[in-house]
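Participant: If you want the building blocks of each chain, they are given just below.
Number of protein chains: 2
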Amino acid sequence: MQKFKVIFLPEQKTVEAQKDQTILSAAISAGIYINSACGGDGVCGRCKVILKKGTVITQPNGAVSLEERKNNVYLACLTAIRSDLEVEVPLASRMDLDNLNPQEVEQRLKGLYSETADVLPAETDFKEHAFKHSPFANKIYLDLPVPTLEDSLSDLERLYRELKKITGATVIQAGLFNIRQLGEILRDADWKVTVTLGKRDQALEILQIEPANTIDKNFGFCFDIGTTTISGQLVDLNSGKVLGTKATYNTQAVFGSDVITRIIYAKEASGLEKLHNAVTDTMNGIIRELSAENKLDLNNVNCLVCSGNTTMLHLLLGIDPAHIRKQPYVPTANFLPVVRATEAGININPRGLLYCVPSVASYVGGDTTAGVLSSGIYKHSQLHILIDIGTNGEIVLGSKDFLVACAASAGPAFEGSGVSCGMRASSGAIQKVSINKKLEVSYSTIGNTKPRGICGSGYIELLSAMLSSGAMDKSGKLAMNAPRQRESSNGKEFVVVSKEESATAEDIVITEADIENLKRSKGAIFAATSILVRHLGLEFAQISKIFIAGGFGTFLDMEKAISIGLLPDIERSKFVFIGNSSLAGSKDILLSEQAMHAAEKIARSMTYFELSVDPGYMDEYGQALFFPHTDLSKFPTVKF
Amino acid sequence: MQKFKVIFLPEQKTVEAQKDQTILSAAISAGIYINSACGGDGVCGRCKVILKKGTVITQPNGAVSLEERKNNVYLACLTAIRSDLEVEVPLASRMDLDNLNPQEVEQRLKGLYSETADVLPAETDFKEHAFKHSPFANKIYLDLPVPTLEDSLSDLERLYRELKKITGATVIQAGLFNIRQLGEILRDADWKVTVTLGKRDQALEILQIEPANTIDKNFGFCFDIGTTTISGQLVDLNSGKVLGTKATYNTQAVFGSDVITRIIYAKEASGLEKLHNAVTDTMNGIIRELSAENKLDLNNVNCLVCSGNTTMLHLLLGIDPAHIRKQPYVPTANFLPVVRATEAGININPRGLLYCVPSVASYVGGDTTAGVLSSGIYKHSQLHILIDIGTNGEIVLGSKDFLVACAASAGPAFEGSGVSCGMRASSGAIQKVSINKKLEVSYSTIGNTKPRGICGSGYIELLSAMLSSGAMDKSGKLAMNAPRQRESSNGKEFVVVSKEESATAEDIVITEADIENLKRSKGAIFAATSILVRHLGLEFAQISKIFIAGGFGTFLDMEKAISIGLLPDIERSKFVFIGNSSLAGSKDILLSEQAMHAAEKIARSMTYFELSVDPGYMDEYGQALFFPHTDLSKFPTVKF
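Top line first, the protein sequences correspond to chains A and B.
My numbering applies: residue 1 is where the first sequence begins, and numbers increase by one.
My numbering applies: residue 1 is where the second sequence begins, and numbers increase by one.
Just so you know, the hints here were simulated from the structure itself, not pulled from any lab data.
Fair warning: there could be bad hints in the mix.
No distinction is drawn between identical chains; accordingly, a pair holds when it is met within one copy or between any pair of copies.
Straight line, CA to CA, 30 Å or less: simulated DSSO-like cross-link-like pairs of lysine-lysine [unchecked claim]:
#1 K274 - K53
#2 K295 - K474
#3 K477 - K274
#4 K326 - K474
#5 K267 - K53
#6 K267 - K192
#7 K192 - K5
#8 K437 - K192
#9 K5 - K267
#10 K601 - K437
#11 K601 - K165
#12 K379 - K13
#13 K48 - K274
#14 K379 - K267
#15 K165 - K326
#16 K53 - K70
#17 K70 - K48
#18 K199 - K601
#19 K246 - K3
Model, not experiment: these values are computed from the prediction.
Bound-form chain A, shown alone:
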C-alpha cells in the first residue's frame, strides 16, 4: 500500500496517510477535529477543506457548490488521498470542542467541587463470572478469493459470503458510504482487507473497510454517566484489557445538582441542548485524554457502551426527559436504539457505534441494569441485594427467579458533592480516618499524597470515628467546646486536617450541615433497603449476599458503614464491596454480545417498586435519621 504525507494548515501538522485514506480520517489521526455530523457519509457538508497542493479523488455530493469547487474546496470525508497533500482546515469546519463557555463552566464548577478531574483508583479485583468474548465492534481480516469469469459474484456479495461464513450471521448491512468505496479498496488492497463489524439489533453492520490487516487496532470505551460523576474506560477490544480509566464531574451539574432540576432546566430555551452538550463535552474530554495517553488514533476507537440513569441517557441522546418527572412517570424510551456515536456528538471513528444499556423505568436506569449484570445477582438461586450508592441510590433485591428495584433520592454527599470539603475518590482524598478519645485525628489518603478533601468512604470512616470518639452525638450534633470544634460562618464545624497539613492550604473540615446531609443520604438508603426487604415479606437474615457499589472509595470498611447505620447490622461476611458496578457492567457489554443480551433480559424482567407508594417509607426514613438508628434493636452489634 502506498503511503503519502499530508500537511494540515495552518498548524503545519504532518501525518502519514495511506493511499485512498480520506482526508477526514487523516485529520483525526493528526489530532485535528473536523466537524462531521453525518458520520462521514458526505451528507452534512460540514467538513469542507481547501486543497492547497496534491492530487485527490472525490465522490459525488451536493454540498460543495460550483464556486467552491473552483476554489479547491472538498469534503474531507469523501475525498481520498492520492499523493502528498497540503490541506487547509478553515475555522468553520473545525469542531467547537467546548460548547459551553469554558470560563463560566470552570468558575461554576469550582463553586461546586474542590477539584475537577482525576484518575480513578484501579479497578477492584471483584469478578464473579465472565462472558464469552465477542466485542460490540469486531475486526475481521479477509483474504478474499479474486473474482474470475467462473466466480463472478459482485464485490459486495463476495464480501458478505466470506463474512457470513466466518461470523455465522444471516443479516449483514452496509451503508452507501462503504459500498461506494468498495470496488476501489478491494482492488487496491489486492483483495486483502479488514472489515470492522458492529452489532445493530439483530444485524451486523459494516462500519469500515480498510486495506491490509489492521485487526490489532480495535478499541472501545465504556462509560458510567452519573448525575454527578462521569467515569470512562478505554478498552482494547481484542484482549479485553483496560488501558486506562478516568472520572470527572459531569459538567451538567452547573445547571442543577440533581435529576429533577435538570429535567426542569431542559425545558428552558436551549436547555436540552446545553445539557446534551455538557455531557458530551465531558465524555469527549475523557476520550481525548485517555486516547492521547495511550497514543491512540481516534479512528481506531470503534464503539462506546454507556450506562447511566434514565434521565442521563435521554440527555446523552438529546431526548427531552420531561415526562420522567410527571405522573405516571413514563420515559420516552427504556431501550434506546444503537446510534452512530457522532449522532450523539461523541468524537470517535465517525462511523463508530454507541449503545445505551437499557433502563427499567424512569428512576431505575441502565446503570442499575449494568450493576445487576456485573454483580451477577440475576444468576443465583439464593437472594442477593445490590446497593448502588450514588446521587440516586438504587437498590435491587432478587435472584435468578425475580428482580425488584427501587430508587432513593440519596443526594450527592457520598460522591463528595454538596458537602464542604468533599471530593471524588481520587488522589489526595482522605479515605481512612480514626480519632482517639483526645480527638486527635489520624488519616490516610488515596495515593498517600497530602490531603485535598474527603471522599465518600472517608466520610463513612469520619462519621464512625466521630461517633466512637465522642466528637459527635448520635443525632449528629458536634460536641461543645471540644478540641477541633469551632463556630464559623458556615455554623459549627470540626477540623479534620489543619491548613498546615492540607494540600489546599485551607483547613479540611466537616460542618454540622455536612453531617445532616450525610445523615439524610445514609438514612434514605437504609430506609429504602429495609422497605424493599419488607415489601417482599423478607428479613435481612434471609439475604445471602449484599453487594455495595459506587465510586465513593477504593475500599469500604463494612464495620464502620454499619456503625453509622448506612448498612444493616448482619453478618459481615455477607457484604462485598464491588466499586463502580455500572461501569463494570458496561465494560462487560462492550466486550461480549452475550452480556448485551443478558442486560436486555435483565432490564425486561426487573420490576420497579415505587417507594413513595409504601405507607411505611417516610416513617422508616425518619427513624433512620440517627446514628445508627432510632431503634437500636436493629443494630444489636453496634456499641459506642
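Following the hints, complete the assembly by docking chain B onto the known chain A.
Facilitator: For chain B alone, kept in the frame of chain A given last:
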C-alpha cells in the same frame, strides 16, 4: 390539532401547517425545495432558515452557530411550528433543481432526440397474476392506551407493543429523529397517531409519526431507469391505483448514448457526479410533475422502487460502475441496500425509502429481474421466453425450474434514438404504417394527432411495409428512382410523411443509415434469442410462450415483427406483448412484500450466459443482418 399559517419569504407563499409540523415539511407542502441531504435528521445543517415572525421549538444540534442563533437562524428539519410564522428561505438553503447547466442540456438533447418529454401510453391490461397487498411503505393508525401507574411502559415500547401486535413483526427500528419527537407528539395528539413503516432488510423501520389519522395519504413511485428512457409511475399505495405515468429521455444521454461510454465518462473529473445528478434530475422532474398534476404533497410520497440495468442502478446510488466493463465483469453490488431516497438525491418525504430491484450480473440488471417478475415466467412448468427490447436487449429463457439470461447490445434505435426521425412511443408518434405498391403511405399516430416522428413499433411496421411494397430490398437498400425516394446530405432516404402533413413542418423520413441501424438492432436480438435457445439444447417449437417487453409502442403487430426477422417464425398465438415489464415489476414490488421477496429469489436463481463466449454468436448475428434472414428456411411463413 391546532393549525397555523406559515408564510415563506421572499415568495410570500402561504401554507397551513399543524402544530409541531417541522418547517421543512411545511416548505415541502408549499412546493419550496429546501436542501435536506440527511433526510431531516438534523445532521447536515443545510436547511437553515431565518425566522422573521412567530414561535417555534427546536432540537439540539451543532450545525447552527451562536452567531446564527442570535440572528434567528434555525434548521428547518428540527424546528417545530408553534404559532403563525413568517420564514425566510435563503438562497443557500434552496435545492439546486438542475445540477446540470439547463441550456446546455436542452441544446444537447435537442441534437439527440426530436422531443424531450411526454406522457406514456396507458398501462397495458396484461396482468397474469397478482401479489398480496403489502406496500413497501405502509401507514398504520394507532389509538394507543394512555399510560398509567399500572401500565407504565415507556413511550417507544408502548408504540412497539401495538405495532408488533398489528404487524406481527419481531424487529421494529426507530431513528433518533422520531424518538426525540415521540413524547411530545403522542401527548399532543392524545395518543392517536399514524405511523409510517418502511421495510428495510428483515426489519420494519419507523419513517414518520404523525398526529391523528392520515392513512389515506400514502403514495409511492416506481421507476424503470433505462439507458435511454426513464419511466415513472405515481401509485396510491393503499388502493394500488396508478395515478399517472410519465416517461422522458434520460438526460445522462448527453454524456454518451450507451452504457459503456457512460462507464468510461464516470472516470472523468466529476464524471460520476454528473451522471448521478443527470439521472436524479430526470427522476425528480417526473416526481414533481406527477405530484403537481395530482395535487399531492411530496411529504406523502413515502417510497420509491427503481429497476434498471446494473450500470444505471450504480449511477443512481453514486457508485462507480468502472469494474462492470473490465474482465471478469464484476459489479460492486447486485443487491443494493435500501437507502433513504434523499441519500440518492431524490426529493420525496425526507425520510422516505428507496429500493433498487436486485440485478443478476453486470449486464443483466434489476430491469430484467422486474420483467421476469411481472411476466410471471418464473412460475410456469412450461418453457417461456422474455425478450426485453431496449438499448440493451435482454433475453431470459426458463421456467419455474431454471432461468437463464443473456444480453445483446441492440442500441437505442427501437426507442427512437439514434435514428433520424425517431421518437418515444408518445403522442404524435407514427405507430401503424402501410404502403401500397404505388408507394403511397397510410399511417396512424398515437393519440391520432399530427405526426411528429416514428416510434419503435412504427419502425417495425414501416420496415415490413417497405419490404412488402418493394420500397426496400431484403438487404435494406432503398429502391432507386422510386417515388418518395431521394438523395439528401444524409444519403438515400424515403419520405414517410411530407412536411405539409407533419407537426414539425419538416419531412419525416427514414434513411438507409436508419435502416442499417434498425437492422443491426433486430439482428442482435434475434441472434441472441436463437443462441440462447440453442445453448440450452432447445428449439423454438418447444417454447410455450414468448413475452415481448419494451416501451417502444402501445401495441406490436407480431406478424410484422416476424416479417422483418426481429422475432422467430413460430405460431403467432405464442407471442404476448406486455409493454414495459420492468416498470410493471417495480410497481409489483412497490405494492407487495411478497413480490419483493420473489424478485430477490429470481435474481439469486437466474444464471447469466455470456453471448460473446459462444462461438456461434457472430455467425448467427451476421446471418440475421438481412430481412428477415439470410437463411429463409428459418422463416417459412414469411413471403414477400
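Participant: With reference to the structure, classify each hint as holding or not holding.
Facilitator: Checked hints:
1. K274 - K53: Answer is between; shortest inter-copy Cα gap is 24 Å, intra-copy 39 Å.
2. K295 - K474: neither (52 Å within a copy, 79 Å between copies)
3. K477 - K274: Classified as neither: same-chain Cα gap 40 Å, cross-chain 80 Å, threshold 30 Å.
4. K326 - K474: Classified as neither; 38 Å inside a copy, 87 Å across copies.
5. K267 - K53: between (48 Å within a copy, 21 Å between copies)
6. K267 - K192: between (52 Å within a copy, 24 Å between copies)
7. K192 - K5: Only inside one copy: K192 and K5 sit 23 Å apart there, 58 Å across copies, limit 30 Å.
8. K437 - K192: neither (74 Å within a copy, 69 Å between copies)
9. K5 - K267: Between copies only: 25 Å across chains, 48 Å inside a chain, cut-off 30 Å.
10. K601 - K437: neither (53 Å within a copy, 86 Å between copies)
11. K601 - K165: both (28 Å within a copy, 20 Å between copies)
12. K379 - K13: neither (53 Å within a copy, 64 Å between copies)
13. K48 - K274: Close inside one copy (26 Å) and across copies (20 Å); limit 30 Å.
14. K379 - K267: neither (41 Å within a copy, 60 Å between copies)
15. K165 - K326: Classified as between: cross-chain Cα gap 28 Å, same-chain 50 Å, threshold 30 Å.
16. K53 - K70: within (14 Å within a copy, 37 Å between copies)
17. K70 - K48: both (13 Å within a copy, 24 Å between copies)
18. K199 - K601: both (17 Å within a copy, 26 Å between copies)
19. K246 - K3: neither (35 Å within a copy, 50 Å between copies)
Consistency with the previously given hints fails for numbers 2, 3, 4, 8, 10, 12, 14 and 19, ordered from lowest to highest.
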